[in-house]
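Number of protein chains: 4
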Amino acid sequence: MMGRALKLTIFGESHGESVGMVLEGLPPGLALDMEDISQEMERRAPGRSWTSTARREPDRVVIQSGLYQGKTTGTPLCGLIKNTDVRSADYEALRGVARPGHADWTGHVKYGGYQDPRGGGHFSGRLTAPLVFAGAVARQFLRRKGVAAGGHVLRLGGVADRAFDPVLVNRTLLDNLREMEVPLLDLTAEAAMRQAIRDAVAAKDSVGGIVECAVTGLPAGLGAPFFDSMESVLSHLLFSVPAVKAVEFGDGFGMADQRGSRVNDELYYDRDGSVRTRTNHNGGINGGLTNGMPLLFKAAVKPTPSIGAPQKTVNFLEEKEIDLEVGGRHDPCVVLRALPAVEAAAVLAAADFLIEAGGEL
Amino acid sequence: MMGRALKLTIFGESHGESVGMVLEGLPPGLALDMEDISQEMERRAPGRSWTSTARREPDRVVIQSGLYQGKTTGTPLCGLIKNTDVRSADYEALRGVARPGHADWTGHVKYGGYQDPRGGGHFSGRLTAPLVFAGAVARQFLRRKGVAAGGHVLRLGGVADRAFDPVLVNRTLLDNLREMEVPLLDLTAEAAMRQAIRDAVAAKDSVGGIVECAVTGLPAGLGAPFFDSMESVLSHLLFSVPAVKAVEFGDGFGMADQRGSRVNDELYYDRDGSVRTRTNHNGGINGGLTNGMPLLFKAAVKPTPSIGAPQKTVNFLEEKEIDLEVGGRHDPCVVLRALPAVEAAAVLAAADFLIEAGGEL
Amino acid sequence: MMGRALKLTIFGESHGESVGMVLEGLPPGLALDMEDISQEMERRAPGRSWTSTARREPDRVVIQSGLYQGKTTGTPLCGLIKNTDVRSADYEALRGVARPGHADWTGHVKYGGYQDPRGGGHFSGRLTAPLVFAGAVARQFLRRKGVAAGGHVLRLGGVADRAFDPVLVNRTLLDNLREMEVPLLDLTAEAAMRQAIRDAVAAKDSVGGIVECAVTGLPAGLGAPFFDSMESVLSHLLFSVPAVKAVEFGDGFGMADQRGSRVNDELYYDRDGSVRTRTNHNGGINGGLTNGMPLLFKAAVKPTPSIGAPQKTVNFLEEKEIDLEVGGRHDPCVVLRALPAVEAAAVLAAADFLIEAGGEL
Amino acid sequence: MMGRALKLTIFGESHGESVGMVLEGLPPGLALDMEDISQEMERRAPGRSWTSTARREPDRVVIQSGLYQGKTTGTPLCGLIKNTDVRSADYEALRGVARPGHADWTGHVKYGGYQDPRGGGHFSGRLTAPLVFAGAVARQFLRRKGVAAGGHVLRLGGVADRAFDPVLVNRTLLDNLREMEVPLLDLTAEAAMRQAIRDAVAAKDSVGGIVECAVTGLPAGLGAPFFDSMESVLSHLLFSVPAVKAVEFGDGFGMADQRGSRVNDELYYDRDGSVRTRTNHNGGINGGLTNGMPLLFKAAVKPTPSIGAPQKTVNFLEEKEIDLEVGGRHDPCVVLRALPAVEAAAVLAAADFLIEAGGEL
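Protein chains in written order, with this note's numbering: chain A, 133 to 493; chain B, 133 to 493; chain C, 133 to 493; chain D, 133 to 493.
Hint data in this document are derived by calculation from the structure and do not stem from the laboratory.
Cβ coordinates follow ideal geometry from the N, Cα and C atoms, glycine included.
There's no promise every hint is true.
Claimed, not checked - Label pairs and their in silico Cβ distance ranges:
| # | chain 1 | residue 1 | chain 2 | residue 2 | range |
| --- | --- | --- | --- | --- | --- |
| 1 | A | G290 | B | R294 | 24 to 30 Å |
| 2 | B | R276 | D | A292 | 54 to 60 Å |
| 3 | A | L300 | B | G202 | 57 to 63 Å |
| 4 | B | V194 | C | R394 | 41 to 47 Å |
| 5 | A | D318 | B | V194 | 55 to 61 Å |
Given the sequences, and given the hints that come with them, work out the whole structure.
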């Protein structure tokens with residue numbers, strides 16, 4: 133469970149009956165554009181684009197509750213996504229095998245061996261489907277508030293995209309990125325990224341990357357000092373996305389080598405009378421609160437741990453060391469599919485703060 | 133309020149009566165070593181070492197509740213730290229002034245002008261004093277469990293220390309670091325760091341840095357997939373520490389350019405029969421759960437926003453742009469003082485998970 | 133959402149797709165006896181026994197997640213119950229009508245008119261189906277711990293059953309009660325209760341009652357002083373059950389007229405060395421904590437607000453006063469169906485405390 | 133910790149340094165009338181009126197944080213009340229003694245013997261002092277919203293006061309009750325109540341009672357179905373008050389013997405266009421939500437367990453049965469002092485819901 137005013141519960145296992153979510157605290161009367169939601173689900177779905185596996189699921193969300201005549205009722209919204217196209221047999225051979233970089237071993241310890249091991253069970257990236265659904269709903273709430281969120285692949289397999297202009301990034305750009313198969317600012321990077329993935333596939337290996345996101349239109353003053361700081365709540369959700377291993381706001385680690393005079397972000401009065409900063413090294417956040425500038429963050433996505441190359445590991449049921457070589461389909465790069473999940477985390481955090489601050493429609 | 137099984141509330145303003153904390157959920161019967169706690173408080177205290185301001189407070193914690201005959205009772209532990217040596221007059225001239233990089237403006241918006249503006253009020257780094265106290269208590273609980281935590285200044289003003297060996301880092305090293313005035317692995321870095329600070333002082337400016345921490349002795353299986361992942365809970369607390377703008381676990385952002393085969397951390401059986409990994413790129417966490425290896429993370433601390441150099445900004449009460457030049461004492465670098473707060477965040481998260489998992493003494 | 137270590141979320145509307153629940157925090161490895169769960173669902177189901185309406189739903193729970201090979205995985209357990217046999221047309225005529233005693237008007241205000249009005253929507257007693265399911269699961273956990281829970285109809289339509297012996301009530305009795313169609317200690321009360329209901333039906337009216345419950349086998353020391361007192365947590369859940377308007381523990385209101393010397397419950401050492409009390413006026417709870425004696429409470433269930441007799445009320449959409457006469461089926465008494473929901477509340481509270489206290493299987 | 137938008141933490145032991153509270157979530161800018169708060173503290177203070185012990189503490193609250201220039205800042209408000217006039221020696225003789233009706237034994241089990249036993253430690257009724265303080269603050273917020281709360285002694289030692297008129301009860305009456313030393317509707321009851329207490333004192337015994345409270349001015353639609361129902365949240369807080377053993381809303385247990393037609397509370401349009409009910413058997417709550425009518429509830433307060441009469445019990449440290457006769461001062465009746473604590477619980481719940489619903493000042 134996550135959230136204060138907007139509470140999200142997700143459930144499900146990769147090869148169970150379904151995955152799904154319950155979202156509590158949505159304002160009543162929000163008309164849900166199901167077509168828009170489907171598009172968002174599609175961004176995350178397996179089988180999409182150049183980086184994904186053969187497995188193909190429609191990921192259709194079936195609403196169970198909380199929606200009446202196309203609008204939210206204000207009571208808990210439950211959405212289910214059936215698991216189809218599951219080939220559990222693929223995983224039988226992996227009983228007791230701790231795939232390096234995966235949660236097989238740690239999950240075994242935590243759940244005492246009772247966890248569903250098929251396809252990663254509850255640890256599966258498939259659980260980001262309900263997260264993305266929840267985010268798609270939150271995004272429609274945010275749109276009503278003039279808030280936009282989006283992101284791009286800043287880095288993939290060692291290939292860099294350009295970074296957002298931290299002051300000028302805006303809704304139009306974010307909306308355009310959402311329409312792109314490979315969201316990039318510098319379109320020329322796509323070819324090299326594709327090549328990096330092809331190289332990894334050829335080596336039965338995988339690649340990681342970095343996504344960069346922005347949220348625009350947030351009012352100043354959202355968040356709180358300390359435990360409910362915008363960075364705290366956002367990072368909490370971002371690190372909930374499997375494979376995310378690093379998060380930074382604004383210049384982030386880059387700030388470490390700078391001086392205060394350079395990254396303090398001087399304030400001025402804009403022509404419309406609003407307070408703004410001339411630069412945005414702090415990523416739109418001061419003292420844990422939004423300052424009205426674009427909120428900016430980056431998240432590192434580690435290379436998919438599932439690879440075809442031979443690895444050494446243990447079988448913890450047989451208590452012996454083994455040589456592992458996993459056949460079948462592997463996703464050589466989940467960066468592109470992680471992007472909508474990362475965006476979902478951001479919009480859920482933003483919606484939570486807005487609703488907490490008294491956000492009717 | 134933060135935490136599930138071990139709940140922490142902090143309160144106070146920089147120039148109010150006192151700052152303090154309430155810690156709920158501690159197991160009963162924990163003997164508190166007040167001397168050890170004082171030492172930990174001393175690590176964070178202003179006036180310490182080469183990087184801090186002239187202001188000097190003893191930061192003595194006065195226990196109000198939850199302790200009887202030197203041991204925790206199991207009921208809420210409240211500790212107060214009186215605010216002394218406050219010179220509020222210093223701040224009168226700053227009414228309505230949005231110091232760049234500070235929360236003056238964002239706090240004004242959030243609290244509608246009713247916040248205590250003296251010395252940053254509730255946004256002040258002084259609130260890390262109760263955080264460090266809570267951490268010092270949690271640390272004593274962890275010690276009973278064989279868990280150690282510590283860190284060092286990985287980077288400061290552009291000067292680098294060596295990084296932890298992610299596999300070999302251990303309690304002895306961590307304990308030694310805690311005793312050092314400037315915790316470093318490579319002692320030769322100290323002189324250059326001091327020089328970087330002197331240069332900043334001369335320029336009426338400030339410098340930032342990076343701290344690296346490790347927690348050893350944690351059992352495998354702590355944490356949970358998704359919202360209660362170890363990374364989620366830890367980062368939530370870490371970003372509660374003022375000035376922290378980036379967090380990474382294990383190789384973090386460095387993973388983005390790697391391939392899975394390189395960072396998956398192969399598993400093996402150690403001589404004592406325990407499962408371990410040969411490398412530790414994942415920082416001791418797989419699927420949001422500890423794997424029994426050292427837990428490793430880094431946090432970026434931005435350069436202190438308080439600088440003496442002239443800056444442009446606004447006075448939001450007078451609604452005009454102004455030139456700002458703040459006299460008086462400034463801390464040119466809070467990295468060293470942020471370190472115990474960052475460590476406190478880590479030990480509080482670890483203690484929370486251990487107590488939740490049924491951790492009696 | 134309810135609970136600390138064992139968290140329950142329920143969702144659904146009476147005439148929506150399904151009602152259901154997500155239960156987080158169950159220990160892994162609990163074998164679920166689905167036959168036993170079905171029987172518990174049957175106790176609550178409409179169409180049961182002499183007091184209920186014609187509507188008949190099987191209330192079959194379909195597990196979506198959290199169960200693998202018949203045992204809990206430790207990850208969120210989601211169960212769905214499809215809504216079938218819904219005749220929404222029955223309710224179309226009631227648009228804007230505030231049925232007295234119902235939540236039509238208050239729900240309209242809260243949800244701004246967007247709530248699902250069919251069959252009471254999310255306010256429907258049907259939502260106790262997932263609650264009872266969650267309770268049936270928690271009950272199986274408690275059984276492993278030697279804890280039993282059960283209850284009987286202490287009062288219905290003015291007809292009284294005998295009360296539990298507060299010291300001697302035990303598992304065998306509670307188990308027997310669960311098997312009875314009309315759980316009573318004094319079987320001779322049944323005829324008069326049936327008659328009271330027949331009289332109410334003849335008058336197109338409804339009757340209320342009181343249920344009395346006991347939980348045996350709880351260890352001493354569960355609960356906490358103040359906000360997490362056993363009475364606080366239990367009453368919170370009990371008042372979540374629609375139609376419950378009063379709750380008392382032990383002698384409850386009866387204590388008000390007593391003296392301390394009479395209701396203090398003197399302690400003694402039992403032959404097995406355990407501490408017990410000779411009487412049990414406090415209902416097994418002292419200072420918010422269980423004392424090892426049977427936990428006892430009563431809950432008042434108000435007469436079903438749905439009646440066929442003419443009533444005066446308002447149509448808040450047409451903003452006028454109206455005469456209301458609702459045809460169709462009505463449940464003249466929900467006391468019997470409320471009983472398993474009330475028991476579910478009790479077992480969920482007990483399980484939450486036991487799991488929080490470190491309750492593995 | 134208690135509350136969602138308005139979070140309350142209380143701490144302290146009867147004979148420790150101080151008792152206190154932290155209240156998070158108050159809107160900024162609320163001017164605190166400290167004189168009014170002192171009066172409220174006085175209502176609860178020991179030594180007040182005819183029913184209390186000789187011990188006399190001023191119960192002065194010292195604000196530590198969250199208040200600036202007399203107004204709330206919006207950050208955590210911490211208030212401390214020093215423990216003075218403590219005679220711990222009185223309690224030394226009671227080591228290991230389980231006073232019947234008290235939490236000595238249950239607390240010993242829960243805290244493993246590490247609890248502070250002096251004066252009941254954290255279980256002491258003295259902890260209602262910070263609760264009443266928090267309530268006094270919440271009350272001032274409510275006043276700004278036109279909400280009033282108050283109560284009277286409905287029953288004491290078998291002597292009855294008249295009950296509130298559930299429809300006509302209003303702010304003026306509630307304010308008057310608050311000014312009375314013994315809040316009663318029927319002033320002639322006071323003499324008989326005093327006599328009941330004198331009789332109990334003579335018998336070295338104690339008496340219980342019932343308090344009845346009302347909250348007026350609440351808007352319709354506060355609360356939620358199920359777990360956040362007004363009854364759930366209110367009862368949770370009410371049962372946090374030591375000695376409360378029963379709670380009912382509206383007619384409560386009295387509803388059990390009624391028919392729906394009699395207690396459904398028919399609705400009508402008042403002259404000002406507002407929806408009201410002609411009767412108020414449901415105590416101002418339908419479906420867990422306020423309906424705009426006065427909110428009404430009663431709470432039973434058990435006779436003080438501390439009595440001078442001889443009792444049989446156990447010494448759990450010496451593991452033997454003993455005869456107990458406690459000398460010294462005893463409060464023969466805490467009903468009067470429980471009343472402000474019960475009112476505090478009600479106003480805190482109401483304020484929490486109002487703030488959650490977006491309640492600025």
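To see whether the hints hold, each was checked on the structure:
1. G290(A) x R294(B): 24 to 30 Å: With Cβ atoms ~25 Å apart, the hint holds.
2. R276(B) x A292(D): 54 to 60 Å: holds, 56 Å
3. L300(A) x G202(B): 57 to 63 Å: holds, 60 Å
4. V194(B) x R394(C): 41 to 47 Å: With Cβ atoms ~44 Å apart, the hint holds.
5. D318(A) x V194(B): 55 to 61 Å: holds, 58 Å
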